[in-house]
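**Student:** These are the residues of each chain, in order.
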Amino acid sequence: VSDDVVATERSRARQLLDLGQLATGWREEAAVPGPASLGALDGFRLVSVDEDVRLSIYIYGEWGQGVDTGAALEDMVNGDRYYAGSTINGRLLCFAVTNAESERGRQLVDQLLGALAGWE
Amino acid sequence: VNQPQRHIWIHKDRGGPGTAIHEGVHKYASPVLRDELINTYRGGGAGVCNLDEGLTEFFTRLAITRGGLGYQRRSCPNQFAAVKRLTTKVPYSVLARAYFDGEFTALKQEFATKTGNNWDDYAKALEENDYGTANALVKRKAP
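As given, the protein sequences belong to chains Z and E, one line each in that order.
Residue numbering for the first sequence follows the working numbering, starting at 1 and increasing by one per position.
Residue numbering for the second sequence follows the working numbering, starting at 1001 and increasing by one per position.
If we strip away everything but chain E, and leave its shape as in the complex, we get (with noise of 0.2 Å):
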């Protein structure tokens, strides 16, 4: 996918079973949570947001599971564990809305209740590839 355009190719002798679905599910989500921490973190641009790429495969491999399609998924391991991990705070609906929708305020608030941390610290070590803090301010509770 090129960003923000959107638009899709896919090789023919590349990739997986998963990847048009892959590419698909970019199709149909918001640019508002991309576009604001490629700006914020990553000086704008068409490049790779962490979080965009994680929800981007989690959505994916949920369509794959609830089709029954069976498709092996290897991609996106990092950005795919630190979505997971949000889940554990976060319910799916809000990360949904946040992605397809662009209500990107209510996953920040979301996140901010249920793990009393700030937001802020939580994308910039999630968007500067510092997985280990990420995820460790996912799992902190608030003091």
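One chain only, chain Z, in its complex shape (with noise of 0.2 Å):
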């Protein structure tokens, strides 16, 4: 897979996401857990300003490569104390966490998710 798929990936994803339409700041780091633990071939996470809401982008090298990994993910994650939940489109798996009690970080973790998804 070539880098360019990545750099293209990353662009889509982000195009998918369309966070300026949102109120919310976001800032870009290093995805958690890194992308080679995971499989993936590159990663970023986006966290919300308020650190409310993060977000991990992973690029796989094939269509719906991640999905079984969004699924363990969730697994682990999801309970009283976190809301975490998982979505693929193609090459991309995206995993979003917030805490449990914040119905604002929840209604940001579904909407974000199904822009991913590509609202279909």
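Think of the hints as simulated: they come from the structure by calculation, not from any bench.
Nothing false has been slipped in among the hints.
Derived CB-CB ranges, DEER-like: (1) E:T1113 to Z:A36: 50 to 60 Å; (2) E:H1007 to Z:V5: 23 to 33 Å; (3) Z:R104 to E:D1121: 20 to 30 Å; (4) E:T1105 to Z:Y82: 36 to 46 Å.
Chain E residues, not near chain Z, derived (Cβ > 10 Å throughout): (5) R1006; (6) V1032; (7) E1036; (8) N1039; (9) T1040; (10) Y1041; (11) G1068; (12) R1085; (13) P1091; (14) A1096; (15) F1104; (16) A1125; (17) T1133; (18) K1139.
Note that this is a predicted model, so its numbers are computed, not measured.
Think of the CB as a built atom: it goes at the ideal place given N, C-alpha and C, for glycine as much as any other residue.
Join the two chains, each given in its own frame, into one complex according to the hints.
**Tutor:** The following block contains the structure:
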């Protein structure tokens, strides 16, 4: 898989998320867990400025390769303390987490996962 | 899907395992509900109808669950949540007949009977993306 594919998928993830239309600011940092540990080629994390929502994007070599990883991450993190969700779109896997008590955070997680899924 | 012709294209490098099911459910839908809501609240054309998308996603997830396919779905979260709430007052069968067979009037009547609220108020809020108002109208009881 070429660097071009990774760059294209990074760009596509940002286009799908369309973060500019949200009232929340975001900063980019390294993905957690790291991409290699999840079998991904690349990844990055977006954190809302109020630290309420963390969104990790991973880029895989093939369509749908991130499905099982997303489900496993959800199983590990979802619970009383955290609200977590994942979705895939082609080579992209998005894993989002917020505090379970934050209604706004949960809404934002659902909205962002819906956006990355592509608003079918 | 391009509405109203309902031609379906699926990009081989995009979407997820449930994408084809979601788009396939669109294919089986009657145009009655969708066209009326788009013409009434969105000025016609080929725009998105929130109730139509919510019902499509609802029946998509139902098919995935009943088929034991295990696909994760996150599409149309607000529309799906609105339809889930609607199912607390309106039976699946009424929703299915409205969506697949075009028996939209029966859905409106069932909504009014079960909530005591006006269907048009609900539909207007839903199609204007005011999910808070729409969902509250499903919960509220008639005085």
